[in-house]
Each structure stands twice: as structure tokens, then as C-alpha cells.
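All chains, full assembly: derive it from the sequences and hints.
There are 2 protein chains.
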Amino acid sequence: MSKIKIIADNLSNIPWEDKPEGYHGPVWRHSQNPVIDRNPAKDISRIFNSAVIPYEGKFIGVFRAETTNGRPHLHLGYSDNALDWTIEEERIEFVNEAGEPFQPNYAYDPRLLKVEDTYYIIWCTDFYGAAIGLAETKDFKTFTRLENPFLPFNRNGVLFPRKINGNYVMLSRPSDSGHTPFGDIFLSESPDLVYWGKHRHVMTGEGAEGWWQNVKIGGGPAPIETSEGWLVFYHGVTGTCNGLVYSMGVAILDIDEPSKVKYRSKNFVLTPEESYETTGFVDNVIFPCATLHDAETGKIAIYYGSADTRVGLAYTTVDEIVEYTKATHEAVPGDNEIGKM
Amino acid sequence: MSKIKIIADNLSNIPWEDKPEGYHGPVWRHSQNPVIDRNPAKDISRIFNSAVIPYEGKFIGVFRAETTNGRPHLHLGYSDNALDWTIEEERIEFVNEAGEPFQPNYAYDPRLLKVEDTYYIIWCTDFYGAAIGLAETKDFKTFTRLENPFLPFNRNGVLFPRKINGNYVMLSRPSDSGHTPFGDIFLSESPDLVYWGKHRHVMTGEGAEGWWQNVKIGGGPAPIETSEGWLVFYHGVTGTCNGLVYSMGVAILDIDEPSKVKYRSKNFVLTPEESYETTGFVDNVIFPCATLHDAETGKIAIYYGSADTRVGLAYTTVDEIVEYTKATHEAVPGDNEIGKM
Chain A
99 MSKIKIIADN LSNIPWEDKP EGYHGPVWRH SQNPVIDRNP AKDISRIFNS AVIPYEGKFI
159 GVFRAETTNG RPHLHLGYSD NALDWTIEEE RIEFVNEAGE PFQPNYAYDP RLLKVEDTYY
219 IIWCTDFYGA AIGLAETKDF KTFTRLENPF LPFNRNGVLF PRKINGNYVM LSRPSDSGHT
279 PFGDIFLSES PDLVYWGKHR HVMTGEGAEG WWQNVKIGGG PAPIETSEGW LVFYHGVTGT
339 CNGLVYSMGV AILDIDEPSK VKYRSKNFVL TPEESYETTG FVDNVIFPCA TLHDAETGKI
399 AIYYGSADTR VGLAYTTVDE IVEYTKATHE AVPGDNEIGK M
Chain B
99 MSKIKIIADN LSNIPWEDKP EGYHGPVWRH SQNPVIDRNP AKDISRIFNS AVIPYEGKFI
159 GVFRAETTNG RPHLHLGYSD NALDWTIEEE RIEFVNEAGE PFQPNYAYDP RLLKVEDTYY
219 IIWCTDFYGA AIGLAETKDF KTFTRLENPF LPFNRNGVLF PRKINGNYVM LSRPSDSGHT
279 PFGDIFLSES PDLVYWGKHR HVMTGEGAEG WWQNVKIGGG PAPIETSEGW LVFYHGVTGT
339 CNGLVYSMGV AILDIDEPSK VKYRSKNFVL TPEESYETTG FVDNVIFPCA TLHDAETGKI
399 AIYYGSADTR VGLAYTTVDE IVEYTKATHE AVPGDNEIGK M
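Protein chains in written order, with our numbering: chain A, 99 to 439; chain B, 99 to 439.
One should not assume that every hint holds.
Any copy will do: because identical chains look the same in the list, a pair fits if it lies in one copy or spans two.
In the DMTMM-like style, the derived pairs of lysine to aspartate or glutamate whose C-alpha atoms are separated by at most 25 Å in a straight line are [stated by the list, open to error]:
1) Lys261 / Asp352
2) Lys261 / Asp290
3) Lys239 / Glu198
4) Lys358 / Asp224
5) Lys358 / Glu195
6) Lys239 / Asp215
7) Lys438 / Glu191
8) Lys438 / Glu195
9) Lys438 / Asp290
Hints listed in this document are in silico derivations from the structure and should not be mistaken for laboratory results.
Next comes the structure, spelled out in C-alpha cells:
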């Protein structure tokens with residue numbers, strides 16, 4: 099039993115490895131990484147930045163698949179153990195609310211989660227510019243696109259796994275039309291997933307002490323509800339003379355007012371070090387998009403994109419990561435505010 | 099009586115001058131421009147990009163005022179004839195919905211209009227980046243800020259003067275954090291001015307034949323309802339080796355589905371030529387923000403910012419401008435679509 103409570107279902111069959119002896123960090127890698135390597139299916143050259151979820155006693159995922167023409171679309175995948183994945187060769191076919199085909203021009207960096215009895219996919223879509231796409235499914239057979247929540251330009255839309263104060267809540271990272279040399283995490287609410295508002299600023303990377311997140315930050319997996327607040331893994335980006343470097347950070351948001359940051363680690367909790375993270379289509383990228391977590395034991399398995407090429411897996415426990423976040427907490431100006439201006 | 103009908107109140111006391119003999123354009127300048135020149139009030143060095151409206155038989159305006167410290171805020175102004183303006187020395191003090199002071203860090207490029215029994219100011223505000231601010235007033239004494247409609251980064255929010263299909267409708271121009279070398283006009287709907295959605299793309303400048311609007315475009319005055327559709331003046335921007343040049347364009351949007359462009363002139367209808375437009379704090383800017391218009395006669399008076407320094411005034415009639423727009427119509431790819439992607 100964990101000391102800090104995860105408020106979610108038990109999920110005893112998630113992948114797990116104990117922390118290696120002599121390893122110091124609060125998040126440790128799966129020993130057999132990457133769990134998905136190059137060319138995982140016919141005509142798919144790379145899979146990364148993808149999301150998985152428990153489904154009917156097994157696991158299902160929505161994967162960012164770069165086909166051999168280089169344009170990303172979303173593909174389903176299936177697994178009994180959340181480690182060995184079978185990826186569908188055909189992309190997900192979306193329909194509009196009238197049931198007619200309504201395919202995005204491209205789709206990348208999906209998140210996947212369940213709110214009440216419905217599964218939602220959130221991804222970066224082409225809406226006359228990069229923007230957040232949203233679709234729902236109940237059976238992983240029919241995928242119905244809902245209204246795009248926001249105007250462009252935006253990336254890293256992350257829905258919370260339950261309504262807060264009666265509204266759906268989404269994190270996102272307003273951006274520009276290119277590789278965006280800036281970016282903070284914002285939060286928005288919706289009563290109906292059609293109209294969105296009450297936008298709030300959550301957190302900035304630029305204002306923090308550490309340089310690993312000084313260019314931009316963006317949401318990662320769906321927030322995990324805990325007895326200490328919403329546990330959020332996110333990506334932080336720094337710049338070098340040879341490009342950007344993406345690391346993983348952690349924060350805890352207020353449970354009822356999640357635009358307020360309660361705790362936030364000043365340190366990254368995972369940064370590209372292994373060859374499958376440092377070298378690939380885009381070198382030096384760790385980009386978390388999903389977790390599996392077990393309320394009973396407090397185990398958390400984190401799925402992350404690795405160098406825009408592979409899927410990596412890492413582990414922590416709710417006790418260890420919350421304690422680490424508190425112990426390395428940094429009070430960044432504005433973090434404790436509601437974020438209204 | 100005009101042939102094309104303006105669907106609005108009569109406003110017989112608007113400023114007016116007939117088109118000068120020998121002048122060819124569809125929009126002509128007021129002979130005594132600028133109507134507001136440099137240093138119009140104590141500690142205000144420049145007023146431009148501002149909005150006026152009829153009020154209690156006279157006229158009232160919300161003005162972008164650059165004080166002697168260079169930061170813009172909004173000031174009220176009053177006029178009996180809409181030509182001679184008295185500008186308040188103190189900025190508008192905004193409050194939040196609880197009545198507490200809630201001042202924007204800066205405020206510029208206001209639009210001002212009435213929907214039903216309430217006046218709305220829309221401006222560019224600091225919401226952890228440039229974004230659309232929104233406030234309401236019924237008496238021009240208390241100005242209550244509503245929720246910011248959109249996430250940053252955005253400029254040129256323009257509310258329609260009535261609900262369409264039961265919803266408030268706003269044009270805006272998603273942008274980036276700087277001087278934004280791109281930009282299309284989008285449309286969003288709201289049932290309550292709190293939550294916004296059903297975002298649609300309206301029009302692009304880049305896709306048009308003419309170069310005067312090839313860098314970006316943005317909404318101008320509140321759309322004018324006519325028997326031919328929503329008459330929209332907008333700004334179009336081109337780039338030169340010495341900076342940007344802002345001209346005024348015109349389009350007519352579908353009355354019930356205003357994300358569809360019915361007609362759109364391929365030409366600018368006013369471009370910086372006079373010294374008060376070509377020279378100032380920012381050279382070569384014509385930036386329309388408001389019209390006064392009279393349903394009875396079809397007269398339209400257009401207020402525009404002039405070189406980020408002064409307020410200019412120009413005239414047309416609904417018959418002349420609609421006929422010109424149709425005669426010079428250019429079918430830009432995507433214009434006739436609903437703008438959903």
C-alpha cells in the first residue's frame with residue numbers, strides 16, 4: 099500500500115520493474131527499452147509520442163506512426179502485457195458527428211484517456227495551422243471527431259480524467275506556426291466539449307531556476323489524481339547550439355483549482371542519456387504521453403517518445419515521485435496564482 | 099435611399115462629405131484629416147486604432163492612447179459631431195465581475211459595439227502574451243471585464259453586432275508572440291461570452307492574388323449587416339525591405355454562415371498615401387477599427403488609425419462599396435468553405 103493515494107482503479111497487471119540498485123533518480127528506465135523500436139509494422143518507420151490505456155483486461159494504444167512518406171497519422175495498437183504491441187497497419191479513420199469520413203491532414207502526439215464512460219483522443223491536428231484535435235470513442239471501432247477546442251496555434255492538449263467543478267478541463271500549450279521558441283502550460287474548461295473558456299495560466303518554464311525547461315514546457319500524460327493533488331508529468335525543453343533537448347519534469351497541481359501549482363520539482367526526472375533517447379530522427383528527446391498506474395500499489399509506468407523514433411518506458415511510484423517533487427520543490431513566481439490576467 | 103439595405107438604425111448625424119470630383123476609389127478621405135492629431139490631451143502623445151459609437155444622440159469612443167511612457171491604455175472620448183473629440187485624461191478603469199479593480203497590463207486596438215442592450219469593448223490585452231480582452235458596460239461608467247475569450251496568442255478580436263443562430267460571434271486573428279509574419283481571420287461562437295467554440299477559418303491573405311495582403315490580414319470594424327451579407331472592412335499587410343505596410347480591404351460574408359466569404363475585393367480600398375498615413379510612429383499604416391453608418395441613406399464613415407499616430411476618417415456608401423466588392427471580386431481558394439478542418 100502506498101502512503102500517498104492514487105485515486106483511480108486498481109491495475110495490477112501493469113508492467114513493472116523495481117528500481118535498480120545504485121540508481122539515484124526518482125524515475126528509472128525499463129531494462130528492455132525501447133518497448134517499440136524502428137519499423138514496428140509494414141510501412142511504418144517510427145512510432146513514438148504515443149498513448150496507452152487499459153481496456154477490457156488488456157491494453158490498447160493510440161500511436162503516432164510515421165509512415166514511409168514521413169507524414170504522421172494515428173494507428174491503434176493492442177497488447178496483453180503493455181510491453182509487446184501489435185500495431186495496426188491502417189490508420190484510424192475518423193468520422194464527423196454525422197458519421198461521414200473526416201480525416202485530419204496529419205495527426206501527432208496523441209493522448210488517450212477515459213472520462214466517465216467515454217474514451218477521448220487528443221492530438222495535434224491541422225486546423226489551418228497546428229491546433230488541438232479531439233475525438234471520442236466508446237468501442238475503439240468508431241472514432242468521432244468533436245469540435246477543435248481552440249484556435250490555432252496550439253499543441254500538447256491534455257484532458258483531465260474527470261470533470262472538475264462540473265466542467266471538462268484541458269491543459270494545452272499555445273504556440274506559433276513553427277518550432278516555437280517559447281511556451282507555457284495553460285488550462286481551459288468546457289461544460290460540453292464544444293465551447294471552451296475560463297482560460298488560465300498554469301506554469302512557465304522560462305521563469306524557473308533550472309535551464310532544462312527554459313525554452314518551453316508542455317503537458318504530458320493525463321494528470322493522475324492523488325491525495326496530494328494532480329500529479330503531472332510534463333516535458334521541458336532547453337536550447338543548445340545544435341537544437342532542442344527535451345526532458346521530463348514533474349509537478350503537482352491543486353486538486354480543485356488545477357491552474358495553481360502546489361509543488362514543482364526544480365530538476366528534470368528523466369533526460370536523454372541512453373542511445374535510443376539521444377540518437378534518432380530527432381536526437382535528445384524524451385516526450386512522455388501516457389501513464390499506467392495502479393491505485394493499490396502506487397506503481398506508475400510512464401510511456402515516453404524517445405528521440406522521435408521509439409517508445410520508451412520508465413517507472414516510479416506515487417510515494418517516491420510525490421516525495422521527490424516536494425523535496426525538490428521550487429516556488430516559481432506565478433505558480434501559486436490562479437493564472438487570470 | 100440606398101439600393102443595398104443596411105440593417106441597422108438610422109444615424110442621420112454622422113460626419114459626411116461627398117466623394118471629391120475626379121477621385122476614382124470606392125473609399126475617400128475626410129478633407130480635414132486627421133480628425134485626431136498628435137498630443138490630443140495632457141500626457142497622451144498619440145491616439146490611433148480606436149473605436150467610436152453613437153450614444154445618447156451624440157458620440158462616444160474608446161481610444162488607444164499612448165501615454166508619454168509609451169505603453170498603451172484605453173481612454174474614453176466624447177463628441178457632439180464625431181469629428182471634434184474631447185479625450186479623457188484618465189484611462190478607463192476596469193473591474194472584474196465582483197466589482198474589484200482588474201486593470202489590464204496594457205490595452206490596444208479597441209473595438210466597440212452594442213449587442214442588444216449592452217456595449218462591449220474588445221481589445222488586445224496581456225494574458226501571459228498578447229490575447230483578446232473583453233469587457234461590457236451599459237453606462238460608460240462601469241466597465242466589467244468578462245473572461246478572455248481565447249488562449250494567447252491572438253489579436254484583432256471583432257464581435258458581430260448581433261447574435262447569429264443564437265450565439266455571439268467573434269472574428270479574431272491567431273498570431274504569435276511577436277510582430278507575426280502570418281495571419282488569417284478566424285471566427286468563433288459563444289452561447290454566453292464565457293465559453294467559445296465552433297472555431298472556423300474565414301479567410302487568408304496569403305492565398306489571394308494581390309500582394310497588399312500577402313503577409314497577414316485581420317478584422318477591422320464590427321461587421322455591418324446588409325441585404326447582401328455582412329460587410330467587413332479589414333486590414334491587409336504586405337512586407338517590404340523597410341517593414342510592413344497596412345492597407346484597408348473589404349469583403350462580404352454570408353449572413354447566416356459568416357465563415358463563408360461571398361465576395362472579396364482583390365484590391366485594397368485605401369492604402370497609405372497622405373503624409374499623416376505614410377509618416378508617424380509607425381510609417382505606412384491604415385488600420386480601420388470602427389464605422390458609423392446610416393441605414394436611411396447608406397452612408398458609411400470609417401475611422402482608421404493612421405501611422406500609429408493619428409485618427410483618420412474616410413467615407414463610402416453601402417451601394418458603392420458593395421458594388422465595388424462584387425465588381426472586383428476574387429475567388430480565393432477556401433473562401434467559400436465553412437472553414438472546418
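Here is how each hint holds up against the structure:
1. Proximity of Lys261 to Asp352 under the C-alpha cut-off of 25 Å is restricted to the intra-copy arrangement: shortest distance 14 Å within a copy versus 37 Å between copies.
2. Taking the shortest Cα distances, Lys261 and Asp290 sit within 25 Å of each other both inside one copy (11 Å) and across copies (20 Å).
3. Proximity of Lys239 to Glu198 under the C-alpha cut-off of 25 Å is restricted to the intra-copy arrangement: shortest distance 14 Å within a copy versus 51 Å between copies.
4. Taking identical chains as interchangeable, the C-alpha atoms of Lys358 and Asp224 lie at most 25 Å apart only when they sit on different chains, with a minimum of 19 Å there against 30 Å within one chain.
5. In the homo-oligomer, the alpha carbons of Lys358 and Glu195 lie at most 25 Å apart only across protomers (21 Å), although the nearest pairing inside one protomer, at 35 Å, exceeds that limit.
6. In this homomeric assembly, Lys239 and Asp215 come within 25 Å of each other (Cα to Cα) only inside a single copy, at 15 Å, whereas the closest approach across copies is 49 Å.
7. With identical chains, the CA atoms of Lys438 and Glu191 are at most 25 Å apart between copies only, with a shortest distance of 17 Å across copies and 38 Å within one.
8. Only between protomers do Lys438 and Glu195 lie at most 25 Å apart by alpha-carbon distance; the minimum there is 13 Å, versus 33 Å within a single protomer.
9. Proximity of Lys438 to Asp290 under the C-alpha cut-off of 25 Å is found in both arrangements, the shortest distances being 22 Å within a copy and 19 Å between copies.
Violated hints for the displayed structure: none, as all numbered hints are satisfied.
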